[in-house]
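K.L.:
Listed below are the residues making up each chain.
Number of protein chains: 4
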Amino acid sequence: MRRNSLEKKNKEEKMNLIMNVAEKIFVEKGYEKATMTEIAKRADLAKGTLYLYFSSKKDLYFTSVERALSTLLRSIIEKFSSCKNGFEKVVSMGETYVSFSLEYVDYYKLILNYETLEVHFDDKDPHVKKAYEKSEEIFKLLVSSVEEGIKDGSIDKRLEPLKIAMVLWSEITGMVQQVSLRETLYEKWTGLKPLQIYEYYIEVTKKMLASLS
Amino acid sequence: MRRNSLEKKNKEEKMNLIMNVAEKIFVEKGYEKATMTEIAKRADLAKGTLYLYFSSKKDLYFTSVERALSTLLRSIIEKFSSCKNGFEKVVSMGETYVSFSLEYVDYYKLILNYETLEVHFDDKDPHVKKAYEKSEEIFKLLVSSVEEGIKDGSIDKRLEPLKIAMVLWSEITGMVQQVSLRETLYEKWTGLKPLQIYEYYIEVTKKMLASLS
Amino acid sequence: MRRNSLEKKNKEEKMNLIMNVAEKIFVEKGYEKATMTEIAKRADLAKGTLYLYFSSKKDLYFTSVERALSTLLRSIIEKFSSCKNGFEKVVSMGETYVSFSLEYVDYYKLILNYETLEVHFDDKDPHVKKAYEKSEEIFKLLVSSVEEGIKDGSIDKRLEPLKIAMVLWSEITGMVQQVSLRETLYEKWTGLKPLQIYEYYIEVTKKMLASLS
Amino acid sequence: MRRNSLEKKNKEEKMNLIMNVAEKIFVEKGYEKATMTEIAKRADLAKGTLYLYFSSKKDLYFTSVERALSTLLRSIIEKFSSCKNGFEKVVSMGETYVSFSLEYVDYYKLILNYETLEVHFDDKDPHVKKAYEKSEEIFKLLVSSVEEGIKDGSIDKRLEPLKIAMVLWSEITGMVQQVSLRETLYEKWTGLKPLQIYEYYIEVTKKMLASLS
DNA sequence: TATGAATGAGACTTCATTCAT
DNA sequence: GATGAATGAAGTCTCATTCAT
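Protein chains in written order, with the numbering used here: chain A, 2 to 214; chain B, 2 to 214; chain C, 2 to 214; chain D, 2 to 214.
Every clue listed holds true.
In silico SDA-like cross-links for lysine to any residue, where the CA-CA straight-line distance does not exceed 25 Å: (1) D:K164 / C:E184; (2) A:K164 / B:L193; (3) A:K164 / B:T97; (4) D:K130 / C:E184; (5) A:K158 / B:S212; (6) D:K48 / A:E13; (7) C:K25 / D:D123; (8) B:K189 / B:D107; (9) B:K15 / B:K25; (10) D:K208 / C:S93; (11) A:K208 / B:M209; (12) D:K125 / D:T72.
If you are wondering where the hints come from, they were derived from the structure by calculation, not from laboratory data.
Given the sequences, and given the hints that come with them, work out the whole structure.
P.N.:
Written out as structure tokens, the structure is:
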């Protein structure tokens with residue numbers, strides 16, 4: 002028993018070690034340009050060793066993405082507990098998403114990278130499916146928070162919950178994707194840093210949500 | 002002279018022929034998985050011929066992207082002429098962007114593909130620079146339209162033009178990216194089609210912009 | 002037209018050149034130990050060039066085997082024309098098989114190598130199927146020759162055609178396989194060279210076939 | 002002493018356990034495609050453990066082959082005791098060989114696999130040599146049985162003992178190899194099962210041997 | 001004795017690019 | 001201008017063997 006759980010822990014630790022390295026390289030170069038040889042070298046392991054823990058490059062990539070999505074999901078749920086009404090929950094989700102993207106840049110960019118890439122992977126791949134499920138879980142939280150806010154009067158009752166949730170979701174995921182991708186470009190155009198853009202977005206969106214409440 | 006311009010026209014036509022094919026393949030498979038062999042075959046040309054018109058795979062890719070961006074830019078400017086005030090111009094830009102993404106799916110997805118990929122290309126590459134310049138041109142149009150709207154009273158004067166332009170820009174580009182990428186997924190989640198999402202976005206955003214005007 | 006057939010001829014010639022080299026290496030080292038790198042080097046070609054003519058190592062191997070089987074089949078049929086009765090045809094087939102194995106050692110060993118290996122390949126593989134069909138074609142010739150011999154009185158009428166054909170077939174293919182594989186070993190044991198063994202086999206078998214005719 | 006012999010017995014048992022598993026896998030997949038990992042797993046042992054009992058994959062393979070050859074040899078000698086003359090001994094050898102191939106399919110196919118493969122191994126390898134010696138031992142038994150038969154009048158005295166022994170040997174080893182390899186193929190061609198082919202072979206060969214005796 | 005994680009050489013295969021025709 | 005055969009670097013993945021525990 003002790004033995005087994007110890008081995009399991011060791012294995013997990015090693016997998017995490019490898020994923021930490023892989024993540025960086027996938028972010029730096031993109032999925033296709035990242036090579037197993039480089040990942041092995043930077044992890045100070047032999048090439049073959051990677052294959053003891055991950056069955057293929059694709060497996061390594063997706064397992065890393067799943068880990069990142071889980072971290073994000075956990076983060077969002079944690080912050081939820083201190084919200085008094087639906088409006089606050091919605092706002093909290095946006096803020097958490099934004100903080101996460103700023104704090105765990107590598108993690109976040111990995112997700113983002115995956116979001117554009119998976120279109121070229123097989124839709125039936127269990128890895129892809131699993132990742133989708135994680136996303137859907139988060140989205141459902143958003144919908145129910147909006148509904149809660151409309152019921153408790155903290156969100157404008159003329160809004161349609163499903164539609165507004167969908168708009169918020171794509172707005173925020175899209176915006177954060179754009180901004181973190183083009184951080185330097187946008188700063189050159191406007192002098193604004195990501196955080197300033199996000200804060201302004203949240204400010205105007207809060208007003209929009211609450212306009213009649 | 003006559004001779005030269007004729008040759009030039011022929012050359013341009015051939016380039017367009019190649020780009021038409023390349024575009025489709027880049028969209029279908031992504032940059033890395035697209036092969037020069039397949040592009041040549043589908044264009045009914047010899048592989049070597051591609052290199053008479055484009056110096057490399059990267060060159061072919063970026064030239065295609067530039068062509069797509071130009072089409073988008075032209076589209077936006079055309080629609081501008083019939084707008085009476087700043088507010089209408091801003092709304093028109095959003096609508097045009099949305100229509101473009103729906104109408105020229107291939108073109109649009111190529112841009113989108115590039116937007117995620119270029120991060121992995123050399124920032125100093127003249128191709129990348131040129132593409133950025135095209136984007137900036139569009140963005141500047143947005144900023145000046147917002148300013149115009151505030152001045153002519155069609156947009157809420159408490160909004161900060163640069164910030165709101167930046168938010169609108171990243172919101173809309175990001176949202177359209179998300180939605181066109183995950184069209185089927187989102188429809189499964191909510192039953193909504195892209196157009197319905199976009200229309201609702203535009204509706205609430207119009208209210209937000211005009212709230213005090 | 003001229004152009005196409007010329008190209009075809011060139012392609013075939015190149016394929017033959019490659020197969021000539023491959024054959025030797027497959028025989029020397031066996032399928033698994035033969036490497037594409039060595040085949041390319043010995044054919045004085047780049048590794049990638051091999052893949053212009055054969056889609057995989059397996060393809061190269063089987064195409065070589067098919068070529069060898071065809072040569073054998075042609076050989077057997079050619080000799081047939083000068084036989085006066087069934088008995089002579091059966092004997093001629095045995096002799097041709099034997100001569101072939103002595104004359105085209107590489108060719109023959111390649112077939113032999115395949116005969117033991119294919120058991121580990123997929124039975125449904127079109128290559129394997131095609132090779133089987135060639136073998137069956139030869140076997141059917143043997144059966145009909147035996148039947149002819151019984152009818153024309155040149156073969157002992159108490160023999161059962163199908164059974165005796167099957168025995169002859171497995172005897173001779175098996176024997177030649179054993180002997181060519183262990184040539185030196187058997188010579189060490191008995192002082193006999195392959196040809197002497199084969200001749201004695203044919204002598205006693207002729208008597209057996211004709212014993213009552 | 003007690004200690005030692007017990008240890009020895011344990012060691013031998015373990016070796017046999019490993020060889021039992023290895024045999025099956027070598028037969029199923031062929032030498033090259035069989036992996037030490039799979040052998041270890043199916044034997045419920047760690048990979049490293051295999052190397053405590055066998056110095057290499059090759060060693061494991063050849064030791065297995067030797068064990069199989071010994072079993073065959075023992076089998077042949079056992080049946081010898083009940084034979085009254087040379088003719089009966091020769092026939093008995095053939096029958097035993099045939100029975101062995103039917104009864105110990107795995108064992109037999111391992112030998113067969115080795116017979117084609119060893120040509121690609123180093124001829125001077127002590128393992129290969131040892132295996133050859135076992136074969137020679139059996140062959141010598143055949144030669145002396147033929148001589149005995151000629152002397153005691155049970156075999157046609159016009160036959161040359163060494164030559165006919167060599168022919169019989171290669172005939173039967175070859176035939177059994179062919180038939181066990183292509184069992185299903187031959188049944189499809191003729192409807193005959195291995196045993197029926199072997200019996201007919203023995204029938205006609207008996208007549209041939211005894212024709213004048 | 002037994003383990004199994006780690007190694008690293010080497011296999012097959014792909015594909016952007018060149019160049020003689 | 002057009003061709004497409006040839007190149008060869010580089011990629012992913014496998015597996016016999018070793019060695020610290």
